[in-house]
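Just need the whole structure built from these sequences, with the hints factored in.
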Amino acid sequence: MAPNGLKHLSNALATPDQLSNSSSSIDNVPSDLETSIRCAGAQLTQAAGILLHLSQDIIAQAIVMFTRFWLGADGGSLRIYSVKDVSAAALYLTAKLSFQPTSPRSVLNVYTFLLSQDASPLWFVRQRRAPETPPSPETYILSEGGYQSARLILLRTETVILRTFGFDTHVALPHTIALTYLQTLGVTKPAVAQRVIQHLNAALLSPQLLYVTHQPNALAVAAIYLASREEEVKLVDGEWWEVFDVDREELGFLVVGMKSTEGFMRAEVSRWKNKAIPMVVDEVDAEIERRRMMEEGE
Amino acid sequence: MSSRWANDDPETEAIIAQQKREKELKKRAKAEKQRLEDANKAQARDAKASAELGPPTKRRRLSNDPDARPDDAEVVRIEKEQQKQSTLLRFPVGEWGPCRHVDNFERLNHIEEGSYGWVSRARDISTGEIVALKKLKLDNSPDGFPVTGLREIQTLLEARHQNVVYLREVVMGNKMDDVFLVMDFHEHDLKALLDEMREPFLPSEIKTVLLQVVGGLEFLHSQWIMHRDLKTSNLLMNNRGELKIADFGMARYFGDPPPKLTQLVVTLWYRAPELLLGADKYGTEIDMWSIGCIFGELLTKEPLLQGKNEVDQVSKIFALTGPPNSETWPGFRSLPNAKSLRLPSTSAPSSAGNPPLLPRSRFPYLTNAGLSLMSGLLALNPASRPTARQCLDHKYFKEDPRPKPREMFPTFPSKAGMEKRRRHHTPEAPKRGQEAPELDFAGVFGGAPGGDTGEVGAGFSLRLG
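Heads up: the sequence lines are chains A and B, in that order. Per the UniProt record's numbering, the very first residue in the first sequence carries number 1; after that it's consecutive. Per the UniProt record's numbering, the very first residue in the second sequence carries number 1; after that it's consecutive.
Some clues are possibly wrong.
[What the hints assert, rightly or not] Quick partial rundown of chain B residues pointing at chain A, CB under 7 Å, derived from the structure:
no.: 1; residue: L89
no.: 2; residue: V93
no.: 3; residue: L150
[What the hints assert, rightly or not] DSBU-like, lysine-lysine: derived pairs with alpha carbons at most 30 Å apart:
no.: 4; chain 1: B; residue 1: K175; chain 2: B; residue 2: K137
no.: 5; chain 1: A; residue 1: K7; chain 2: B; residue 2: K137
no.: 6; chain 1: B; residue 1: K135; chain 2: B; residue 2: K175
no.: 7; chain 1: A; residue 1: K7; chain 2: A; residue 2: K259
no.: 8; chain 1: A; residue 1: K7; chain 2: B; residue 2: K260
no.: 9; chain 1: B; residue 1: K281; chain 2: B; residue 2: K316
no.: 10; chain 1: A; residue 1: K259; chain 2: A; residue 2: K275
no.: 11; chain 1: A; residue 1: K7; chain 2: B; residue 2: K395
no.: 12; chain 1: B; residue 1: K260; chain 2: B; residue 2: K137
no.: 13; chain 1: B; residue 1: K316; chain 2: A; residue 2: K7
no.: 14; chain 1: B; residue 1: K395; chain 2: B; residue 2: K316
no.: 15; chain 1: B; residue 1: K316; chain 2: B; residue 2: K175
[Unchecked claim] Estimated spans, in silico, between C-beta atoms of each pair:
no.: 16; chain 1: B; residue 1: D143; chain 2: A; residue 2: M294; range: 29 to 39 Å
no.: 17; chain 1: B; residue 1: P330; chain 2: A; residue 2: L19; range: 17 to 27 Å
no.: 18; chain 1: B; residue 1: P336; chain 2: A; residue 2: D285; range: 48 to 58 Å
no.: 19; chain 1: A; residue 1: P16; chain 2: B; residue 2: D143; range: 19 to 29 Å
no.: 20; chain 1: B; residue 1: P258; chain 2: A; residue 2: V280; range: 27 to 37 Å
no.: 21; chain 1: B; residue 1: N104; chain 2: A; residue 2: R105; range: 32 to 42 Å
no.: 22; chain 1: A; residue 1: E231; chain 2: B; residue 2: K175; range: 51 to 61 Å
no.: 23; chain 1: B; residue 1: P92; chain 2: A; residue 2: D57; range: 17 to 27 Å
By construction, these hints were calculated from the structure, which means they are not laboratory data. Owing to the predicted nature of the structure, the values given are computational and were not obtained by experimental measurement. We put the beta carbon where it would ideally sit given N, CA and C, even for glycine.
Spelled out as structure tokens, the structure:
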């Protein structure tokens with residue numbers, strides 16, 4: 001049994017069963033669609049966190065919670081819960097537990113803006129090309145009535161998330177661990193540290209769900225390995241990752257996973273070039289129906 | 001060099017000196033021989049090891065830069081690891097899953113109603129184990145699930161220690177806001193015990209109790225958790241002499257430097273003076289003050305400082321400790337509520353020692369070491385209070401009578417076991433979301449001395465703002 005203090009550095013990980021059976025797949029959501037929606041939801045959370053001026057550790061924790069939520073047969077289904085609601089509630093909940101709480105109104109204002117088809121800066125939401133004239137405020141401002149009903153959904157979704165996790169909200173992040181490891185390795189070049197953080201934040205979007213399948217120390221080591229190569233900084237000889245309790249196999253897998261994120265994102269952008277990624281239950285249903293019709297038409 | 005017993009004869013002295021030199025030489029030769037032998041052995045061992053492992057690999061050398069080398073201990077550790085085929089540390093891996101339903105438990109009887117919920121005794125239907133079931137109060141908060149409840153669960157899940165109550169799981173009811181904490185069941189709380197006892201605890205028993213509270217608290221503080229509501233009714237005891245800190249409804253993580261926090265924490269009677277004076281930056285010292293109050297309560301069975309309101313509480317504190325001055329508590333003047341505080345012009349003479357010793361007359365049965373610990377815990381200046389760690393090392397716990405072994409601790413008939421616990425008279429911790437009152441302490445000192453009425457703190461009259 002590992003010492004108690006390590007709990008701060010480690011996470012609950014998804015079981016093989018949770019990874020192979022999602023609630024959405026039971027509800028006939030194609031797995032590629034599920035992956036696209038989950039990844040877009042993570043980006044939505046990241047963007048909202050930035051607009052809410054939340055620090056990156058809160059945003060990252062929210063994305064990990066968001067990711068966990070959809071896993072396993074006991075998790076949430078995309079045909080029952082809207083991605084945008086789960087994203088907002090995860091962010092609101094994480095901020096509430098942090099030193100930087102935020103209000104339901106701020107969260108909902110930001111999500112209304114980000115989900116506006118006319119004004120959103122997000123590539124997977126805005127369908128229309130940037131108009132000559134700026135979009136009218138009605139298209140991205142939350143009305144008072146809209147706020148009241150959205151608030152109820154936000155708070156209800158918060159409780160749903162808590163129940164799905166048995167109220168365990170603990171998320172350990174690799175970012176600070178990575179900085180400590182860099183110091184231990186004697187790496188002082190700021191560009192390496194910056195690149196490490198970039199890899200760790202990009203991995204939040206990874207289709208391999210690296211944050212719910214690997215412990216933070218392993219993510220940190222893989223990011224350092226990649227960053228030092230890219231920045232051409234020579235690390236110590238020998239299998240230094242073992243000092244940080246990561247074996248070669250795990251490191252290899254994570255490095256491949258992290259490197260693949262960029263290609264995956266490019267593919268996503270081109271795949272969804274002409275239509276928005278579904279962010280609510282109705283849109284998911286419509287997309288599944290559309291695919292069914294296409295198949296039948298062939 | 002020469003002692004009174006040495007022979008003064010220079011010849012004998014010379015012989016003795018010669019013998020000494022010879023002895024020294026022999027010693028050195030022996031040490032040298034030992035060293036050579038060791039080196040040979042080590043070489044042989046190395047040779048054997050490398051024969052087994054093949055030639056030493058490059059990985060043995062960890063760094064090209066001699067300055068950046070890890071320290072010897074690290075190298076030794078790593079070498080050991082390599083010889084053992086790299087045993088890597090495996091982190092504890094948890095899982096997550098949905099809440100179970102409360103119907104998995106059979107409710108037996110009500111125990112008490114606390115500030116954050118109702119507690120009942122229940123039986124786990126599948127295992128037959130007796131547990132305590134605490135229903136969280138979720139009063140339609142406009143901000144969703146109350147952050148206090150979330151923090152209680154979060155801190156309890158991480159604070160696994162033999163002196164902290166064990167949270168087994170969180171279960172839910174039929175309605176969206178029915179949430180129950182399932183915890184280990186304990187027969188007593190310390191407040192009820194003290195109320196029922198005919199005689200106060202023996203000194204050895206007080207030490208056993210106190211060591212466990214402080215031990216649990218030391219762990220919490222080391223995990224960056226402040227409890228913020230320590231009091232005797234939140235300390236649970238079982239019939240095996242084990243004490244558990246409970247009710248984490250006020251607990252939260254803190255940081256360094258401390259974040260801005262609400263001063264509306266801790267039940268009034270156990271609340272530290274800096275909180276009463278409105279400090280919004282405070283630390284673990286507030287828990288140590290509460291420990292001091294609990295210590296006093298263990299001695300006499302009565303709560304030590306039973307103020308009727310904030311102003312009365314402050315005057316009761318100053319009546320015990322003497323008013324603060326810039327020597328015993330530098331900087332207290334800058335606290336928000338201290339501006340209205342008018343202290344007697346004849347400031348108390350700076351007694352010896354900082355923090356000053358409390359009046360012996362208040363604790364007649366306490367040893368000097370005990371009084372020094374109490375005076376430290378109840379120091380007005382937070383910086384003068386001992387940390388939980390320092391407290392555990394205090395000489396009070398080392399002198400006789402020694403702490404009573406837990407197995408020898410007396411058992412008591414259970415109040416919680418069969419019937420409802422008696423309603424306590426302890427006031428409750430402040431509710432979250434209340435506005436911090438702007439207190440007027442203008443009258444804490446001065447004014448006409450009066451009888452023991454509501455507005456009068458011991459010896460000082462008050463004007464309520």
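The hints, checked one at a time:
1. The closest approach between the C-beta of B/L89 and any C-beta of chain A is roughly 4 Å, which is under the 7 Å cut-off, so the hint is satisfied.
2. Contact between B/V93 and chain A, as hinted, is supported at the beta carbon level, the nearest pair being about 5 Å apart and thus within 7 Å.
3. For the restraint placing B/L150 at the interface with chain A, the shortest Cβ-Cβ distance is roughly 6 Å, inside the 7 Å limit, so the hint holds.
4. Taken as a hint, the B/K175 and B/K137 pair is honoured in the structure, with Cα atoms around 13 Å apart against an allowance of 30 Å.
5. Between A/K7 and B/K137 the CA atoms are separated by roughly 28 Å; this keeps the pair inside 30 Å, and the hint holds.
6. Restraint check for B/K135 and B/K175: the C-alpha separation of about 12 Å stays at or below 30 Å, so the hint holds.
7. With a CA separation close to 28 Å, the supplied pair A/K7 and A/K259 stays within the 30 Å bound.
8. Distance restraint check for A/K7 and B/K260: the Cα-Cα separation of roughly 26 Å lies within the 30 Å cut-off, and the hinted pair is therefore satisfied.
9. Between B/K281 and B/K316 the alpha-carbon distance is near 23 Å, which keeps this suggested pair within the 30 Å criterion.
10. Our distance criterion of 30 Å between C-alpha atoms is met by A/K259 and A/K275, whose separation comes to about 27 Å.
11. Between the alpha carbons of A/K7 and B/K395 the distance comes to roughly 33 Å, so the proposed pair goes past 30 Å and is violated.
12. Between the alpha carbons of B/K260 and B/K137 the distance comes to roughly 26 Å, so the proposed pair stays at or under 30 Å and holds.
13. At most 30 Å may separate the alpha-carbon atoms for a hinted pair to count; B/K316 and A/K7 exceed this at roughly 43 Å.
14. With a C-alpha separation of about 28 Å, the suggested pairing of B/K395 with B/K316 holds against the 30 Å cut-off.
15. For the proposed pair B/K316 and B/K175, the alpha carbon gap of about 46 Å is over 30 Å, so the pair is violated.
16. A hinted range of 29 to 39 Å is violated for the C-beta pair B/D143 and A/M294, which are about 45 Å apart.
17. Our hint of 17 to 27 Å for B/P330 and A/L19 is violated, since their Cβ atoms are close to 58 Å apart.
18. The given range of 48 to 58 Å is respected by B/P336 and A/D285, whose C-beta atoms sit roughly 56 Å from each other.
19. For the pair A/P16 and B/D143, the supplied restraint of 19 to 29 Å is violated, since their beta-carbon distance comes to about 37 Å.
20. Separation of B/P258 from A/V280 is about 42 Å and departs from the stated range, judged on CB atoms against 27 to 37 Å.
21. Take B/N104 and A/R105: their Cβ atoms lie about 38 Å apart, and the range 32 to 42 Å holds.
22. Distance hint check: the CB atoms of A/E231 and B/K175 are about 55 Å apart, consistent with the given range 51 to 61 Å.
23. Look at B/P92 against A/D57: about 21 Å separates their beta carbons, and that is inside 17 to 27 Å.
Hint compliance for this structure: hints 11, 13, 15, 16, 17, 19 and 20 are not met, and every other hint is.
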